[in-house]
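Peer 1: Protein chains in written order, with the working numbering: chain L, 34 to 352; chain P, 127 to 487; chain S, 265 to 522.
Among these hints, one or two may not hold up.
Said to hold, decoys possible - DEER-style ranges, computed between Cβ atoms:
1) S:Arg501 x P:Ser385: 48 to 54 Å
2) L:Leu262 x P:Arg391: 45 to 51 Å
3) L:Arg117 x P:Val319: 36 to 42 Å
4) L:Gly227 x P:Arg391: 38 to 44 Å
5) P:Trp477 x S:Gly386: 29 to 35 Å
6) P:Arg330 x L:His177: 22 to 28 Å
7) P:Arg391 x L:Ser268: 54 to 60 Å
8) S:Gly510 x P:Ser385: 41 to 47 Å
9) P:Val319 x L:Arg302: 32 to 38 Å
It should be emphasised that the hints constitute simulated quantities derived from the structure, not laboratory data.
Source: prediction; values computed, not measured.
Where is the CB? At the ideal position from N, CA and C, for every residue including glycine.
Below are the chains, spelled out letter by letter.
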Amino acid sequence: MLIRRQKAIRACRLAARLVSLGVVVAALLAVAGLAPRVAAAQPQASPLRIVSIGGAVNEILFALGMGDRVVAVDQTSRYPAAARALPDVGYARALSPEGVLSVGPTLILAMEGAGPPSTMEVLKQASVPVVVIPDGHDREAVLHKIAAVAKAVGAEEKGRALAAEVSDDFAALDAMVKVLPERPRAVFVLSASGGAAVVGGSDTSADAILKLAGLTNAMAEIKGFKPALDEAAMSAEPEAVVVMRGGGQVLDAATVFALPAFAGTPAARDKRLVALPGSYLLGFGPRTPRAARDLAAALHPGAKLPELPARPWSTEPDQ
Amino acid sequence: MSMEGIAMATAEAGTRGRPVTAGLTLFAVLAVAAFVGALAIGPFTIAPGRVFAVLWDWITGAAPAGSLRERIVVLDVRLPRALVGALAGSGMAVAGALMQGVFRNPLADPSLVGVAPGAALAAVAFVVFGAPLVALLPQPLQVVGLPLAAFAGGLVTTLVIARLAEHDGRTSVATLLFAGLALGALASAGTGVMVFLASEQQTRDFLFWTLGSLGGATWMKAALAAPFVLGLLAIAVGLARGLDALALGEAEAFHAGVSVERLKRTAVVAVAAGVGAAVAATGVVGFVGLVVPHLARLVIGPSHRALVPASALLGAAVLLGADILARMIAAPAELPLGVVTALVGAPFFLWLLLKRRAFVG
Amino acid sequence: MYRAENVTVTASGRRLVDGASLTVRPGRVTVLVGPNGAGKSTLLKAMSGEHRLATGRVTLDGISIHDMRPLELARRRAVLPQAAEVAFPFTAAEVITAGLMAGEGHDRARILRLLARVDLPGFADRRYDSLSGGERQRVQLARILAQLDAGKPDAPGYLFLDEPTASLDLAHQLTVLNIARAHADAGGGVLAVLHDLNLAAMVADEIVVLAGGRVRAAGPVAEVLTEPVLADAFGIRLRIGVAPPGPFILPQNVQAAE
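Kindly generate the complete structure, drawing on both the sequences and the hints.
Peer 2: This is the structure in structure tokens:
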């Protein structure tokens, strides 16, 4: 009798285990089933369905008036706001082949370095043309990006017009910056987690934008984005700190100047910190001359720098 | 695992009171279901019927059904991905079962013998310095440069640890553990140096690699991982009896007729090779090696004769299930697989720990 | 015949066993006695193959056991551990199966018979880690019996028992010793380390007295269990009485030697 009861108890426990296991599996499958489904590709010859990878590429596409052809973007494409409403294929260097294919693209425009290679391989096999746009951090590179994107989408005419506008902006910027009497020392701070400032050294997009804005990169001795030694940062005597804003960035003046690295620097004394949207500041797309102008205006307080002429593609405020 | 293999394992386990046959059948059903799910579910919408039509025509060599994209999604994306996932899941879970058996501790996992830290160091070194090396590889192997580096890194680290722990022809499990900790720390330090040297982009690449993904799965990766993982499974089946005896104690296992030293060495090398290959194919995917053997043990009992095939089946099911979630939750982007397994695995493991202290104690 | 010849075992420079020779014969129960730290367990482990020898050799029917593969040796001798923890939640029956590297066909009926023999009927599906020390000891005994059974059913082999009665009550001490006796009567050899001289006197055919790592006396019970030998080995004075069927030592007659 007792034995039979024990057996029954054991059987119940076993059943409970098997059932709970089954529930877990069923839940997994249910979640999978409820997950968002992206509409399947409609295999048609036209119109273009573009997956745009890279903030600058995306801005150029929208500036060319091709925004309505973009069906998905990567996580760095935050401007204009219409792009943020599109499906996000994630980190440009860890693209999912099926994820990209699921939005039914007929063209993939990707900034140099998008990948992984296995995904690019699958996309090529699937007869989706992949056009890689070379990256770069100066005037020529920006104009080249515009030309390359325009060519890929067959909008060469508009591309030339856009390039001319951007070229004019660069020229206006250069004229402004050339006459500035000083080259203040600034440092770009990427992040400050754990009390150590990660700064932009030479050979970075941050270094390039500081130069365009008529500033001296106080951390040019470091190469790349690296944590800066507190003492090195102090002895570099930066007069201003430049940070990114938006996209979850929470670097404010209080946080930055509380870092030991900036204690006693002129920047901390004058509480001089400039925050600009990340893709605006470091994207090296059509709005780059504007970002450099804004930076220069903020950090050359003596000079009265005029605004660059408004363009249709630059009027929307960044996030 | 073939059906005969399962039947044999069942017969050998030979004790009543455990639902060994039922459990193995359940795990086999789950593995098959997860595999089918991995083929049928994805952000690219194809009716399941079309998926199997494409597969059928591919198998029979008939005129291909479906559009080009459907064929590519099924045959070049989902199928290799499901295969790599099944291999990696089986490999990690069986490796976990082997390590728990060798260390006689249900909390052991392959990272104890340095596979993951070693593979990570080699992977990041490859990301930072590997570009010139890729050019030296023959063309078909170029895309798998990083996996090959990770595999070699994991294997070498583990062999060094095993060598350090050997004294006088005997491997001390305690020394193995400490050597594993020390070398793991050393490898992590090396990884830190590499991350420091790396560019922002390389750091992100490496970060994503450490979070694991089946996203880069290709036929090539499946083909490279298969021999090592299948080798690990075969060896694990062969070691199962010895591991059961080892559960009684090292001396007891020797008295029962086990060549304990050879068992430990074989297990460590097989785990290093199998997990190295799995990690190379998927990056670091945590918790499968730790949790799956546990879960299997709850159903079919602790005997390794059943635990090895059960872990292989359940490991494949769990990893494929996690990958379905990873693909669907953030579609068309993809969550890192390691994030999904840890999100599901860690709370489950804690629950298990609290619920069944007796099992662990 | 299972022999230790001039065996020395050292650990951290100390000689735990020092030139000991000992023979275990088929059909005989050989009991190893001696004070704490005499090296009894070490000698048993050396003979089982678990410890390395600094000098000497251990042979089974003339062949050095160190030339035999573990599996070969396991078919001929089985060792009862002193206190055995099992790493995973095995049941009693699974513990028995887990120890079987050789042979097939250990069906459940046989395992149940063995469990009944060690007085654990109905324990097959009980979790090993839920058993008492004494119950675990008997599961382990059933396991090593199964091991010898599976190894060579035609020749019973050798049982090595390290303090098999340590955590057992009186009734089960007798159960275990009767099993040892029966094993010897069936033609097997038994080597047991025992603390209790009365139990030793009761079960042994031959007694080996070990002290300071050396064999002080060896031979039939009546020749070895004498007042001078025990006084020398244990460092105490005592009186030995003789009543059928053999000698007995009364604790109240024991007093410390000066």
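Peer 1: Each hint needs a verdict: does it hold in this structure or not?
Peer 2: Each hint, compared with the structure:
Roughly 49 Å separates the CB atoms of Arg501 of chain S and Ser385 of chain P, a value that falls within the hinted 48 to 54 Å. Between Leu262 of chain L and Arg391 of chain P, the C-beta spacing of about 46 Å keeps the proposed range 45 to 51 Å intact. As the Cβ distance of Arg117 of chain L to Val319 of chain P is approximately 38 Å, the hint placing it in 36 to 42 Å holds. Remark: the range hint 38 to 44 Å for Gly227 of chain L to Arg391 of chain P is upheld by a beta-carbon distance near 42 Å.
Checking the proposed 29 to 35 Å range against Trp477 of chain P and Gly386 of chain S shows it holds: the Cβ atoms sit about 33 Å from each other. The hinted window of 22 to 28 Å between Arg330 of chain P and His177 of chain L holds, with their beta carbons roughly 25 Å apart. Against the hinted window of 54 to 60 Å, the Cβ-Cβ separation of Arg391 of chain P and Ser268 of chain L comes to about 55 Å, which satisfies the hint. Distance hint for Gly510 of chain S and Ser385 of chain P: a CB-CB separation of about 43 Å, consistent with the stated range 41 to 47 Å.
Between Val319 of chain P and Arg302 of chain L the CB atoms are about 36 Å apart, so this pair conforms to the stated range of 32 to 38 Å.
The earlier numbered hints are all upheld by this structure, with none contradicted.
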